[in-house]
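A.B. asks: The primary structure of each chain is shown beneath.
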Amino acid sequence: MIFNTFSYYLLFLVPAAVLYRVVARGLRPWVIVLFGSGFFLYFAYGMAGLWGAACLLIFLWESLVSRLYKPGSRWCLLGLVQSVVLLGIFKYWNFFTGLVFVHGANPLRWQGAFLPLGISFFTFEFYHFAWDRRAGRTEAGTLGEYLAFILFFPTMVAGPIKRYQDFLPKLRQEPTEWNSDWERGITRILTGLVKKFAVADLLTAWTDHLNAHDVMLAQRPVLLLWGFAYGLKIYADFSGYSDIAIGSARLFGIRVPENFDWPYGRRNIQRFWQCWHISLTRWLTDYVYIPLGGSRVSVPRIYANIIAVMLVSGLWHGAGLNFLVWGGWHGLLLAGHRLWRQLRGEASTHPAAVFSSRVLTFILANAAWPFFCMDLHTVMLFYRRLLLG
Amino acid sequence: MLTGFRAGIEYLCGERDDAPALFASRWAWLARCAVWTLAIVLIYAFSGQSSKFIYIDF
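Chains G and E supply the protein sequences, listed in that same order.
Reading the first sequence from the start, the letters are residues 1 to 389 in this note's numbering.
Reading the second sequence from the start, the letters are residues 1001 to 1058 in this note's numbering.
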C-alpha cells in the first residue's frame, strides 16, 4: 500500500519534510537517512517480517562499499556485480532454478523466498552509482549524502529512478521557494491519489476478471473491454504512484525525474517508450543499450540490441515467462518500427495518418498488457478466446 | 488549442510550475482551490476500496 496509507503521510512524509526545512543545511541529509531508514523498517517489516526489515543492512553495506569507488577502480566492478547478484538471488533464484529442473521437483527451490522492499529500484540506483563513479561521471559526495540518495524514501520503493549527479546539487542547494514547492507538491500528491482511488481502483472491478476461469466464460467484447481496462488501470496506477513520489519529493524542495508524458497519445512505439516509465527507459538506454554498442554497431546488431534491452526490461518487471514475452513483444515492435522508418523515410504529417498511427500505437501497446497480468497459459487462453471465439 | 489545453491540465495537476495564460490572472487561485476541493472529494468518495500499487511488488 504505502502511498495510500495515512501512516506514510503522518509518520514519515510530513514530519520529515518539516524537519528538513528547519534544521541546518549540514543535517538535512541525515534527516532523510533517519526517516528513510524508519520508512524502510516500518513498511518492509509489514510486508516481509523481520527478514524483510533486516534488508536495511543491504543499504548500509552498499553505502560502505561505495566509499571505495573511484574513477577506473575495480571496486566499482565489485559494486556492479553485487547489485546484480543481490537482485538475482532475491528475485530470480526460484525462476532460474525452476527452468533448470523443469521436468521435476526443484531441489534448489528457496521455500521462504521474499522480495526486499523496492529491490528492483534501489538495485538500479546502486548499479548507476558504481558505473558512473567508475566512468568518472559523478563525484563521491559524503557518506551522509550518498545514504540520503539511496534512502530518499519518496522514490525508494518504485522510483522514479534518480541519478546521483542530478540529486546531489538539489540536496546541497538552499531551497528558497518553500511555499511554491509545497503548493505544487501537495497538488501533485492529490492528483496521484485521485488517479489511484478514482480510476485505477475503480477499474479493478473489470481487471479482476483477468483469470483463467472468467476468461473461459466471457464473451469476446467483454474480453476486449477487460484488456483495455487493464491498460488504463496500469497507467492510472503507476502514473498516480509517480505523481505522489514526485510531489512528496517536492515537499523537500527536491525535484526528481518525471516518469510519464502522455504515453497513450504517441505516434509510434518508440515515442511511447520515451514517454512511458521514462526513468526506466533512460536507465536501460544508458546502462544496457549503449554498453551493448547502441546504434554504433552493424545493422543486425542494432536490432539484436533493441530486442535484448526489451527482454531485459521484461525480465526486470517479473521473474516469469509471461514478462519475457511482454518484453519480447515490445522489442519486436521497436525493431519493426525502426525497420519501417528506414524503408519508408519520415512519417507522413497528414492528419489522417497522424490519427491512425496514434490509434495503432495505442492498440499495439495495449495488446501486450495481458502478458503483464496473467501467466502464459492464461494469456494464450485469453487470445484464443478473443481471436477465435 | 490542444497544446494550451494540455498545459492547463498539467498546471492544475501540479506537473507544471509556470501558469498558462488562462491561469495567469489574479483569480487563478480559485481554479487551484477548486482542483484541491474536487480531488479531496474524489479521494474521500473512493478511498474505501483501495488496493496495493502494482509496481510495489516489482
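Hints were generated in silico from the structure; no laboratory data involved.
One should not assume that every hint holds.
With a cut-off of at most 20 Å between alpha-carbon atoms, the simulated DMTMM-like pairs for lysine to aspartate or glutamate come out as follows [unchecked claim]: (1) K70/G <-> E183/G; (2) K170/G <-> E1015/E; (3) K170/G <-> E139/G; (4) K170/G <-> E183/G; (5) K70/G <-> D132/G; (6) K170/G <-> E258/G; (7) K70/G <-> E177/G; (8) K170/G <-> D1057/E; (9) K1052/E <-> E183/G.
Derived, one-sided and incomplete: chain G residues facing chain E with beta-carbon distance under 7 Å [as the list claims (entries may be wrong)]: (10) D201; (11) Y264; (12) R267; (13) N268.
Sample of chain E residues lacking proximity to chain G, with all beta carbon distances greater than 10 Å (derived) [to be verified]: (14) G1014; (15) A1024; (16) W1027; (17) L1030; (18) R1032; (19) V1035; (20) W1036; (21) A1039; (22) A1045; (23) Q1049.
Every residue gets a Cβ at the ideal spot worked out from N, C-alpha and C, and that includes glycine.
A.B. asks: Would you mind marking each hint as holding or not holding in the structure?
C.D. replies: Hints and how they fare:
1. K70/G <-> E183/G: Not OK: K70/G and E183/G at ~40 Å, beyond 20 Å, violated.
2. K170/G <-> E1015/E: The hint holds at about 18 Å.
3. K170/G <-> E139/G: 14 Å, holds
4. K170/G <-> E183/G: 18 Å, holds
5. K70/G <-> D132/G: This hinted pair holds, its Cα atoms lying about 10 Å apart.
6. K170/G <-> E258/G: 15 Å, holds
7. K70/G <-> E177/G: Between K70/G and E177/G the Cα gap is close to 35 Å, so the pair fails against 20 Å, i.e. violated.
8. K170/G <-> D1057/E: Judged against 20 Å, a Cα distance of about 29 Å means the pair is violated.
9. K1052/E <-> E183/G: 26 Å, violated
10. D201: 5 Å, holds
11. Y264: 13 Å, violated
12. R267: 14 Å, violated
13. N268: 18 Å, violated
14. G1014: Its Cβ does come within 10 Å of chain G, the nearest being 3 Å, so this is violated.
15. A1024: 15 Å, holds
16. W1027: 16 Å, holds
17. L1030: 14 Å, holds
18. R1032: Incorrect as stated: the minimum Cβ-Cβ distance to chain G is 7 Å, not above 10 Å.
19. V1035: Its Cβ does come within 10 Å of chain G, the nearest being 7 Å, so this is violated.
20. W1036: The claim breaks: W1036/E does not keep its Cβ more than 10 Å from every Cβ of chain G (closest is about 6 Å).
21. A1039: Non-interface label on A1039/E violated, nearest chain G Cβ at 4 Å vs cutoff 10 Å.
22. A1045: 7 Å, violated
23. Q1049: 5 Å, violated
In summary, the structure is inconsistent with hints 1, 7, 8, 9, 11, 12, 13, 14, 18, 19, 20, 21, 22 and 23 from the numbered list given earlier, while agreeing with the others.
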